[in-house]
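Convert by adding 2 to the 1-based position in the sequence shown; the result is the number in the numbering used here.
The set of hints was computed from the structure by calculation and includes no laboratory data. As the structure is a computational prediction, the values presented were derived from the model and not from experiment. Positions of the beta carbon are idealized from the N, C-alpha and C atoms, including for glycine. Don't take each hint at face value.
Derived Cβ-Cβ restraints for the label pairs, each shown as a range [as the list claims (entries may be wrong)]:
1) E83 - E259: 45 to 55 Å
2) Y49 - T79: 33 to 43 Å
3) E257 - E117: 17 to 27 Å
4) D247 - T79: 43 to 53 Å
5) D48 - R176: 24 to 34 Å
6) K84 - E39: 24 to 34 Å
7) V47 - G146: 29 to 39 Å
8) E237 - G146: 33 to 43 Å
9) T67 - A217: 13 to 23 Å
10) K84 - K22: 15 to 25 Å
11) R293 - G37: 32 to 42 Å
12) T67 - E19: 25 to 35 Å
13) D45 - F246: 32 to 42 Å
14) K216 - E117: 54 to 64 Å
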Amino acid sequence: MAKYQIFTDSSCDLSTEIRKAHNLEYFYFGLVVDGVEYRADLDWVDYAPDQFYGWLEQGKKIKTTQVSMQEVIDRVTPYFEKGIDIIYIGCSSALTGSMNLFELAKRQLLEQYPERKMIGVDSLTASVTLGMLVLDAKKKQDEGFSIEQLEKWVLDNRLLYNQFATVDTLTYLRASGRIKGLAAFLGNIMSVKPIFISDRKGNNYTINKVKGTKASLNELFEGVKNAYVEGETKEIYIGHGRAFDRAEMLKKRVEEELKIPAHILWIGPIVGTTCGPGVLGIFCRGKEVTRFEGEPKVNNQ
3 MAKYQIFTDS SCDLSTEIRK AHNLEYFYFG LVVDGVEYRA DLDWVDYAPD QFYGWLEQGK
63 KIKTTQVSMQ EVIDRVTPYF EKGIDIIYIG CSSALTGSMN LFELAKRQLL EQYPERKMIG
123 VDSLTASVTL GMLVLDAKKK QDEGFSIEQL EKWVLDNRLL YNQFATVDTL TYLRASGRIK
183 GLAAFLGNIM SVKPIFISDR KGNNYTINKV KGTKASLNEL FEGVKNAYVE GETKEIYIGH
243 GRAFDRAEML KKRVEEELKI PAHILWIGPI VGTTCGPGVL GIFCRGKEVT RFEGEPKVNN
303 Q
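Using the sequences and the hints, build the whole thing.
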């Protein structure tokens with residue numbers, strides 16, 4: 003069986019330690035801060051997390067750019083030259099055009115390396131749920147799955163990864179335009195925290211609104227409590243953008259009430275730009291995601 007390398011991208015929010023421990027590569031999104039270009043780097047080489055979230059609070063103009071064709075070509079070529087195939091498990095195509103650019107780069111690369119394989123799989127999610135999917139995919143690779151078997155496994159399992167998230171302010175979500183249902187839920191109400199998920203079509207979708215930190219933490223906990231599968235969900239992740247105290251509160255409740263280990267990660271620069279300082283999310287593998295933007299509301303759901 004041919005060797006292959008798993009790639010993801012900057013939206014996965016996996017720490018340096020986790021990625022190195024599992025030999026995971028990722029394609030870089032871009033970040034433009036007041037006209038200065040940076041890589042959306044999960045190793046935080048050019049800027050620290052506190053510095054990045056400080057930029058947002060200071061009102062610096064920050065834009066994100068998707069994975070480029072040249073980035074894919076430059077990163078994949080060394081693997082192809084060593085006879086190693088590539089599978090890319092990427093950010094939801096509802097949120098970025100990176101998968102399309104990957105496919106364009108693939109056409110070019112396979113003309114030069116026709117004997118190699120290069121597969122892209124839309125995860126239908128982003129942030130730590132993407133990271134968790136990639137980590138579980140790596141386990142399957144280690145168990146001996148071929149690249150084709152792994153592609154099928156990802157397609158069959160990608161909707162089992164649940165996320166529930168909230169933010170401190172609506173400013174960044176409104177600016178990004180990447181949260182479905184936000185206007186309908188919130189209008190111009192102040193001091194309201196949206197609760198949003200990654201839906202089964204790959205959109206970030208607002209499902210509820212609450213007032214206050216305590217209520218938002220409870221909604222996040224109840225979301226994962228309803229989504230996890232007792233005896234099957236082995237761990238839970240919590241991601242934050244400079245909201246460590248609240249992340250710790252959520253971790254404590256998860257471990258005390260659900261008896262499942264919880265791990266805290268920084269939300270990286272791509273998701274952080276969209277959601278802003280104070281973003282907080284909880285993530286687990288569990289029940290299949292069934293909600294989607296535009297679905298009929300039943301029983302006040």
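How the hints compare with the structure:
no., hint, in the structure
1, E83 - E259: 45 to 55 Å, "holds, 51 Å"
2, Y49 - T79: 33 to 43 Å, "violated, 28 Å"
3, E257 - E117: 17 to 27 Å, "violated, 49 Å"
4, D247 - T79: 43 to 53 Å, "holds, 44 Å"
5, D48 - R176: 24 to 34 Å, "holds, 27 Å"
6, K84 - E39: 24 to 34 Å, "holds, 30 Å"
7, V47 - G146: 29 to 39 Å, "holds, 34 Å"
8, E237 - G146: 33 to 43 Å, "violated, 23 Å"
9, T67 - A217: 13 to 23 Å, "violated, 36 Å"
10, K84 - K22: 15 to 25 Å, "holds, 19 Å"
11, R293 - G37: 32 to 42 Å, "holds, 39 Å"
12, T67 - E19: 25 to 35 Å, "holds, 26 Å"
13, D45 - F246: 32 to 42 Å, "violated, 19 Å"
14, K216 - E117: 54 to 64 Å, "holds, 58 Å"
Violated hints, listed in ascending order, are 2, 3, 8, 9, 13; each of the other numbered hints is respected by the structure.
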